[in-house]
Amino acid sequence: MNVTTIGIDLAKTVFSIHGTDHHGKVVVRKRLNRPKLLPFVAQLPPCLIGMEACSGAHYWAREMTKLGHEVRIIAPRFVAPYRKSSKNDDNDAEAICEAVGRPNMRFVPIKTEDQQATLCLHRIRRGLTKERTAQINQIRGLLAEFGLIIPQGRYAARRRVPEILEDAENGLPMLARRLLNNINQRILQLDEEILAYDREIEAMARRDEKAKRLMAIPGIGPQTATALLASAPDPRQFKSGRHFAAWLGLVPRQYSTGGKVRLGRITKRGDKYLRTLLIHGTRAVIAKLPDKNDRLSGWTRELVDRRGYKRAAVALAAKNARIIWALLMNQTEFKSQPVEG
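Take the sequence shown: its letters are residues 17 to 357, numbered as in the numbering used here.
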């Protein structure tokens, strides 16, 4: 079969395939169920295979790479402009086949199994924190129905809920008291599970030399370091630190025309989880600025005074992204620079 480029629209059970030769002529257009996909790809000559970034994409990319093919994963928003007609599986496969061959197309780096295992740890922990927040909000809302108000935040809830449940004079019915105690026990259980995952992430970071170098940067802890190393591609794929910050969505959005540059809010492209970790880390740095006297802290302090707390936090996150790229690219250590003079 004289096929050079393949586009595969991934699914759970039925996969649409669109293939062309080196002249761009369609030579393959079919649908295959899951067990038949790899045997079909195995009998093809080495070719370029494209697929959208979705559930299972990294698994299929690894397996097809083992068969000698060049596999590239594309973000769905980059595929949509190449779709000629209505959205369906066959048209999506054709659009992927067209997009994967574009010389300036951006691709998603293929993750290894170890990287995906690390991300499993982060995603499970993140799901537990969301569940804990939901449980705390629920118990606050239910207590408010009985005129019992507790402040926001899990630390206030951890302190006040047991006091309310043990207070026999607050008028809380026994049924509600029992049900709310069940919710509180679930919150305590979630605290223990999240703490266990935090300790596992910290141990993982201590074993990794790259993670230890990243954690020397102010605002980068074990969670951010391990998540970045598991999610970010090879730093050599970026031209500069600014390109890496742009990949994380930490650079201003442009509204430029007629030679006049207009910059707006950050693009918020890329991995939301990584961006959130970086910005939360810089908030902790800003909170401790009065105790610091290095050049980076001085720059951040001036930025807070000039542009405000939130803008400074995002700007410092973008600067940290550039520092991270430089450390990974040059394999160097972070060194805090004291204020001159």
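Check the hints yourself; a few may be wrong.
To be verified - Pairs of lysine-lysine residues, derived as DSSO-like cross-links and limited to a Cα-Cα distance of at most 27 Å, are as follows: (1) K326 to K351; (2) K276 to K228; (3) K127 to K276; (4) K288 to K255.
As the list claims (entries may be wrong) - The following label-pair restraints were derived from C-beta to C-beta distances: (5) R174 to S272: 47 to 55 Å; (6) E79 to A303: 18 to 26 Å; (7) E349 to K100: 28 to 36 Å.
Keep in mind the hints are simulated off the structure, nothing from the lab.
Positions of the beta carbon are idealized from the N, C-alpha and C atoms, including for glycine.
Each hint tested on the structure:
Proposed proximity of K326 and K351 is supported: the alpha carbons are some 26 Å apart, at most 27 Å. Distance check on the hinted pair: K276 and K228 sit about 43 Å apart at the alpha-carbon level, beyond 27 Å; violated. A threshold of 27 Å between alpha carbons decides the hint, and for K127 with K276 the separation of about 39 Å lies outside it, so the pair is violated. The straight-line distance between the Cα atoms of K288 and K255 is roughly 22 Å, inside the 27 Å bound, and the hint therefore holds.
Between R174 and S272, the C-beta spacing of about 49 Å keeps the proposed range 47 to 55 Å intact. For E79 paired with A303, a C-beta distance near 46 Å fails the hint of 18 to 26 Å. Distance hint for E349 and K100: a CB-CB separation of about 52 Å, inconsistent with the stated range 28 to 36 Å.
In terms of the numbered hints stated before, the structure departs from hints 2, 3, 6, 7, listed from lowest to highest.
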